[in-house]
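Peer 1: Sequence lines, in order, name chains A and B. All the letters of the first sequence, read from the start, carry residue numbers 1 to 575 under the working numbering. All the letters of the second sequence, read from the start, carry residue numbers 1 to 180 under the working numbering.
It should be emphasised that the hints constitute simulated quantities derived from the structure, not laboratory data. This structure is a prediction, so every number in the text was calculated from the model and none was measured. Among the hints, a few may not be true.
[Stated by the list, open to error] Here are the in silico distance ranges between beta carbons for each label pair: (1) B:S90 with A:E175: 50 to 60 Å; (2) A:E175 with B:P150: 55 to 65 Å; (3) A:N279 with B:T52: 31 to 41 Å.
Think of the CB as a built atom: it goes at the ideal place given N, C-alpha and C, for glycine as much as any other residue.
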Amino acid sequence: MYKYDHIDQTLVDQRVTQFRDQVERRLNGTLAEEEFRPLRLQNGLYHQRHAYMLRVAIPYGLLSSRQLRTLAFIADKYDRGYGHFTTRQNIQFNWVELEQTPDILAELAKVEMHAIQTSGNCIRNITSDAFAGVAADEYVDPRPICELLRQWSTLHPEFAHLPRKFKFAINGAKEDRTVLLCHDVGIELQKNPNINNGELTANIYAGGGMGRTPILGSLIKKDVPWQVLPSYLTALLRVYNRFGRRDNLYKARIKILVKALGPEEFARQVEGEWTQLHNATKQGKDNFSQAEWERVAKHFTKPSYKTLPALSDEQLQSHAESRLDANEKIAFTRWLERNVRPHQVPGYAPVILSLKPHGTAAPGDATSAQMNAIADLADQYSFGELRVTHEQNLVLADVEQAELLNLWRAAKNYNLVLPNIGLLTDIIACPGGDFCSLANAKSLPIAKAIQERFDDLDYLHDLGDITLNISGCINSCGHHHVGNIGVLGVDKDGEEWYQITLGGDQGNDASIGKVIGPSFYANEIPDVMTSIINTYVEQRSTDEPFIETYRRLGVIPFKEAAYKNNGKHSKGAAV
Amino acid sequence: MNQKIIYYPKDGKPNLIANEWQVWDGERDEGGIPDLEHGFHKVLVPFHWWITRYKNADIIERANKGEIGVWFAADDDILKHSEIIEEGKSFWPVIGAHFPIFRDGRSFSTAALLRDRFEWQGEVRAIGDVLIDQLLQGARVGFDAFELRPDQNLDIALKQFDLFSVVTQNSWRDQRATIA
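Generate the whole structure from the sequences, applying the supplied hints.
Peer 2: Here's what the structure looks like:
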């Protein structure tokens, strides 16, 4: 993985010094809270419901075991022994003290980490495919571009006070695992022999996002050579910085600007700006150079894979047969099916460690003991590296297939092998009202109640792929708009209610879910889920996933089922 | 107004100098630029005021003496008025760009455009709600003078420019640091 050079290291070290001074000025009263707020946010420091929360960047989701051990150390020394992995491939600590944050940042800097721009109205942590570099369906490894753009965006002076937060995602595989179209800018990398002499190019999508007004991004520029991404993205952000709305917080995202202008007009304005930037005065000085590419890309070469035979699932199971009892066999088989993915290299597999134990911890939470254990597993089985998925799980990307059983046994001790990846209980959830001061309602008890209701793994496996996403407020940190089933916490007259959306999807057929009607009380949600799921089971064709059944039948049968018993409790019109 | 500004020329060091320019908001216009505070002859007028008056003989006369500059509001679309700006470049010793509130970054792009697109070589001054912690960004996008909000500590402000010895993107002031 990427190793900091002295430039990167100097920058994060000096950033710690800068923030230490800002905190001191805040504490001695020379910097007002109102004026400190954007500064601390640009260093990932929120003031939450009960305490300060620090969000640490994990650029494009890639972590070393050493870094994870530091995160565990921070959790123990400065927090309450756990951290929360988020949908933006960051980690959050929920209970830090303002006075200690410079020390935490200094600890992070020692292992090439930081919290720069994990919040605030600036370019946020750039996310990508958690399976980058190993996915069997990948045509371009996106990580060198992710890293070059991480550097370009870090403390970018012109875009330090944008109208609102700004999120990039970058994908280079056939299947989109980045929710590309729900980002302010989605960068789709490709290599086509007929374009740019077969060199890397990017298609640029802009104006996607969730939140109050969910919109899928529009293609605004095709085939941008990778070298000119700095000037093209500068032009794009400059148009947004100048003309994005600042009068209304809820209308300030780029999606509103793109929608108001129309994608064609937005693209024309960006093109106009870019032509000037690129051609007139700079003579390509902003371009990424081949030397920069080589310096960065050399860190993303393949690890020292052995030459191994590719094993089929049947071979893996029969290999494990003699070493497992009957119950274990079922569990291991399910795990192979749900938590192990295809790899580019024969004999290897990426493995997803589930951070969604049923009903016992918040989705995405990991204790320091788990973090240390996972770091050990990464060292032993996966070249000392791991990844954070946007579904809030962790991935060991390079496990020898022959070691899968040993890994499974070891990870089982830390409650990390629940074979529910992609199933109904692999819930994405924001921290919600238990922690977040923005939330209108709690997310975590809803996730817990649903996991408790659907605790039967046989049944879950029978149901197959279903995504269920929960957000505690309209900001949509839990990505409820793109869950096949979405739950949104809403506030009505000081009471917590939950609104259901259906039909959202991530991936290549990304879609925004539709609200089915009036919202429900928290204690109604498990029954509502049961009704929706039963409708699916009754109506599905053989092997038809939930989303396909929904698309075939539309919302009505699901809606009728959801309200058949619960209508009397529901309140008001949809909001 | 602040009696002192930070002046940080592109190839020089940041230092405090006396503020010679009074920012006029364009209000209370009774036929021309009003009387200024005692001792000040130089005034930054709003661009929207300039574009309706700059052909007047009295304005040209004062501009020719180097006593008039303009300032852009955060929502001025300077590209829409590029011809007037190109003409104005020969009159103005100083261009201001205004921050209505410190967390409004539009004037960063205005400064970048003045340097990149208009190739303005003169002073670009940050005015309005300018705070210590915006100085670094401002200095990099094209500002070389800062009239800080009067409550800001100028000693702390001057130290900001030494905080970083590396940058990772090109700007008006520096090329990004590279190993290769």
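Peer 1: Does each hint fit the structure? Answer for all of them.
Peer 2: Going through the hints against the structure:
| no. | hint | result |
| --- | --- | --- |
| 1 | B:S90 with A:E175: 50 to 60 Å | holds (58 Å) |
| 2 | A:E175 with B:P150: 55 to 65 Å | holds (57 Å) |
| 3 | A:N279 with B:T52: 31 to 41 Å | holds (34 Å) |
Going down the numbered hints, you'll see the structure goes against none, and every one checks out.
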